[in-house]
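So the chains spell out like this:
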Amino acid sequence: MSARAALSLQVNGAAVDRDVEPRLTLADFLRNELKLTGTHLGCEHGVCGACTVLVDGEAVRSCLLFAVQAQGRSITTVEGLAQGADLHPLQRALLERNGLQCGFCTPGVLMTAMEFLENTSVPTREEIRKALSGTICRCTGYQGMVDAIAEIAGGDR
Amino acid sequence: MTREQLIRGEGQFIADLPDADCRWVAFVRSPHAHARVLSVLPPEGARDVTLVTGHDLASSIQPLRVQAPGLNVYDWHPMHPERALFVGDPVAAVVADSPYEAEDLADAVRIEYEPLPAVTSLEAAAGNETTIHPDLSDNVLFKFALNEGAATEAFASADLVVERTFRYPRQTAVPLECRGVLARYDPREQRFTVWTSTQVPHYLRNGLSQILGVPEDDIRVIRPDVGGAFGLKAQLFPEEVILPWLARETGGALKWVEDRRENLLASVHAHEGTLTLGAAFDGDGNLRAVRARAEGDAGAHSVFPFGAGLDPFTTVINIFGAYRHEIAEIDATSYATNKAPAGSYRGVGQVLSVFAVERLLDIAAGELGLDPAEIRRRNLLRTDDFPHTTPTGNAFDTGNYQETLRMALARADYDGLRAEQRTAATAGKQLGVGVGTFNEVTGVTLYPGYDGARVRIAPDGTIQGFMSSASSGQGHAEVYGRLIAEELGVSRDRVQIVEGDTDLCPSGSGTYASRTAVTMGNTLTLASQDLRRKLLKVAALMLKFEGELSDARVERELTIADGRICLAEDPATGVDFDEVVQAAYLQTLDFALPQEIVEAGLEVTRYEKLPQNVFSNTAIVAAVDVDTETGHFEIRRLVMVGDCGRILDRETVDGQAIGGAAMGIGCGTLEQLAYDADGQLLTASLMDYLVPTAMEVPPIEVGHLETPSSVTRNAAKGMGESGTMGIPAVLANAVADALGAEVTELPLSEERIAGLAMGASSL
Chain A
0 MSARAALSLQ VNGAAVDRDV EPRLTLADFL RNELKLTGTH LGCEHGVCGA CTVLVDGEAV
60 RSCLLFAVQA QGRSITTVEG LAQGADLHPL QRALLERNGL QCGFCTPGVL MTAMEFLENT
120 SVPTREEIRK ALSGTICRCT GYQGMVDAIA EIAGGDR
Chain B
0 MTREQLIRGE GQFIADLPDA DCRWVAFVRS PHAHARVLSV LPPEGARDVT LVTGHDLASS
60 IQPLRVQAPG LNVYDWHPMH PERALFVGDP VAAVVADSPY EAEDLADAVR IEYEPLPAVT
120 SLEAAAGNET TIHPDLSDNV LFKFALNEGA ATEAFASADL VVERTFRYPR QTAVPLECRG
180 VLARYDPREQ RFTVWTSTQV PHYLRNGLSQ ILGVPEDDIR VIRPDVGGAF GLKAQLFPEE
240 VILPWLARET GGALKWVEDR RENLLASVHA HEGTLTLGAA FDGDGNLRAV RARAEGDAGA
300 HSVFPFGAGL DPFTTVINIF GAYRHEIAEI DATSYATNKA PAGSYRGVGQ VLSVFAVERL
360 LDIAAGELGL DPAEIRRRNL LRTDDFPHTT PTGNAFDTGN YQETLRMALA RADYDGLRAE
420 QRTAATAGKQ LGVGVGTFNE VTGVTLYPGY DGARVRIAPD GTIQGFMSSA SSGQGHAEVY
480 GRLIAEELGV SRDRVQIVEG DTDLCPSGSG TYASRTAVTM GNTLTLASQD LRRKLLKVAA
540 LMLKFEGELS DARVERELTI ADGRICLAED PATGVDFDEV VQAAYLQTLD FALPQEIVEA
600 GLEVTRYEKL PQNVFSNTAI VAAVDVDTET GHFEIRRLVM VGDCGRILDR ETVDGQAIGG
660 AAMGIGCGTL EQLAYDADGQ LLTASLMDYL VPTAMEVPPI EVGHLETPSS VTRNAAKGMG
720 ESGTMGIPAV LANAVADALG AEVTELPLSE ERIAGLAMGA SSL
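Order-wise, the sequence lines are chains A and B.
Per numbering that gives the first Met the number 0, the first sequence starts with residue 0, numbered consecutively.
Per numbering that gives the first Met the number 0, the second sequence starts with residue 0, numbered consecutively.
For reference, chain A alone in the conformation it holds in the complex:
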């Protein structure tokens, strides 16, 4: 596997240029090449959602995408959410609402919720549960996450 492909993209607002193996997944590219290890791998077959990142604003499983498929795209990972010392309001809400325990699924939950909140105004709890249904959490029972997202969406209907 010696052939390499040139890759240019934006990650958390910064331009990145690398030569990569064509078979390198986006998740492994972020984790191993860019050392952005906040994107986690829980199944590597697109079920658990832990590796979810935003690609041009769309929540995508980075384990199912090759890095080269992100050519020219803009990627946001969990590391891109907080502004320095200031957590993103959704991160703050998740902390305050007991929405995490071990923290392994949390980055995927955050990125999934970011896309959802961008596209949905004043969701019902049922809509939030549906939006979260592609990210598995084994610790929390999801209630704190639903509470946090409802809080940020501004309507806890």
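FYI, nobody ran anything at the bench for these hints, they're computed from the structure.
If you're wondering where the values come from, they're calculated on a predicted model, not measured in any experiment.
There's no promise every hint is true.
Claimed, not checked - Straight-line alpha carbon distances no greater than 16 Å define the calculated EDC-like cross-link-like pairs of lysine to aspartate or glutamate that follow:
1) B:K428 to B:D577
2) A:K34 to B:D15
3) A:K34 to B:E695
4) A:K129 to B:E695
5) A:K34 to B:E9
6) A:K34 to B:D624
As the list claims (entries may be wrong) - Derived coverage of chain A by chain B (criterion: at least 3 residues anywhere in the stretch with Cβ under 8 Å from a Cβ of chain B; other residues may be distant):
7) 60 to 73
8) 135 to 148
For glycine and all other residues, C-beta sits at the position ideal for the given N, C-alpha and C.
Chain A is fixed; fit chain B onto it per the hints.
Chain B alone, transformed into the frame defined by chain A:
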């Protein structure tokens, strides 16, 4: 890592650890359930390949003999030189410069197998036509019996005897983070450092020491952040032996991170077993005697440290524990099969005992014409029964089981639900109500069951607690920090907690069986109290106390709070915490400190094992709407009232209660590992092994009662597994109630429920 670091994506899980100098290991795993390994060859044409086999390993390690009462002992090899015992059993390991290349290499290794007949059911295992371990005369890995024949007379003279056989499926914990190991060997120091995603760093070091034949002090085990464990990471795994061994052989750092397929195939499974349970009642529905026979499917191995008896022993020893009865006759057997080894998964053993007991009580209630709540009220232990010892020898300190049940029934409006059942009917929809009451064994005093805590105040005033436990995301640091801060009269943010490093932390059991609050918390309080008394004595000297400074005197005459130690009778007179610390270390006083204070500075290490297990208790009420045509059901209400003694941290307790309940919904309705008759795992992805998503977990209503423990210093009882062990039982009762059918097997799949609704038996 703190919760804030985790939410920023700054956690350091095993896969995240710096690995620039690491080479990568991949395992070649058996595609056969049972086979002789005839040859292992490197890939065709490959040169300079690091390929190791069971023969290589066996030549320089000691096989481990997992020992505990009732276990049949044999040699466990991390990688057996000649045989593969389950699909996924490691047969060879390769090393390469990247994980991608290591996997390529593993795929190309050439192995010749001679397939052998596979044992894939309890019946086949018990038949012994094929035996799995040549060291053993049959497939029995564990056997235990107590009070044999004791119940015969009570059963013969009972007004009512009910007996059924219950089956629990094979399940696995699916922590979202898979396993992983990073191992380094320092040839100059001749010392191993092993980072691994584990719940039990000290056991692991002990097991490694035995297998590698080196002193424990030559091994440092470090647990990085752990992305969930739920029992799965409480055993010693082959990979945790092979990586450090190979690091020594190859002279470099090695890393392996499991993928989900390996995790489902080859970590540990759990829970699978059958329980034949009988109960003898008098005419008023009072339970007199019980008889329980459990058979567990231990898979291929007795796993270190708990061994093959874990699930079935826990099932029978806790049988009917929450209920009054005089006689219990119990036995448990575990059989070896050609499946992945059984280990622990939240709710160990009690998932089956609670399911069977709660189902059997409903069946008995039906026979006696009693309401399910009433049969429980009649038989649950009463407050004045405590302290109480069960016929199987479990000792309970305190409890208010009747009140817990009353609270759960009231909150769920049980009477209202029953009234609705009698009056409202919708075609094709049936309302079912389920009740369950049980207690949960926590802080298990076996294996070896002690914990160690070291609490230290550094000369600069930093306070650190070093614990033998190992958090996997439960939030230990918050609770420990608060306990230490309370004892030392300082703010919580001054206390740092260190866990999961065998070089820094005292030896102890680690984290399993909901032991943290009760055993670790107890030991921690012991150490903190000793340290407080040292501070008080220094302060007393600084405040010019005269005469003997006994513990009782300084505790009586001084207060310690808000960073200051003051006279109890004159709070305006006192010294600052930091002044006392400086005085103790720098000894800038105009008098000499007594030797008992100089000794060990401001640092106390204590080890302790509780005199008995501690039991919390829970009552659950569920209401479900069953679609009798499709077999689908919706959980309308799920009320869980727990009593874990004094609540040390409400948020942590609620998190454990709700998270454990979600897992219970999984165990009760979705989770099932399926093997075919040849021993191939049919559920080796998360598309096949289903766990609950947010859609399957309804709002869970949690209530608390606090009946203090009289065994633990902090008055807490352990908790965290009640939802997992109780909810499958209560949902089964609710579904059985809705359909007027008997449920004796889980999970409550739509197929099974639809079959029950159509009147099919034994689904």
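Against the structure, the hints come out as follows:
1. Straight-line distance between C-alpha atoms of B:K428 and B:D577 comes to about 68 Å, which puts the hinted pair past the 16 Å bound.
2. For a cut-off of 16 Å, the pair hint linking A:K34 to B:D15 stands: about 8 Å separates their Cα positions.
3. For the hint pairing A:K34 with B:E695, the CA-to-CA distance comes to about 35 Å; that exceeds 16 Å, so the pair is violated.
4. A hinted pair counts as satisfied when its Cα atoms are at most 16 Å apart, and A:K129 with B:E695 qualifies at roughly 10 Å.
5. A distance of roughly 11 Å separates the Cα atoms of A:K34 and B:E9; the hinted pair therefore holds under the 16 Å criterion.
6. For the hint pairing A:K34 with B:D624, the CA-to-CA distance comes to about 49 Å; that exceeds 16 Å, so the pair is violated.
7. Three residues within the 8 Å Cβ limit are the bar, and the segment 60 to 73 of chain A against chain B gives 0, so the coverage statement is violated.
8. Using a Cβ-Cβ cut-off of 8 Å, 11 residues of the segment 135 to 148 of chain A lie near chain B, which meets the minimum of three, so the contact claim holds.
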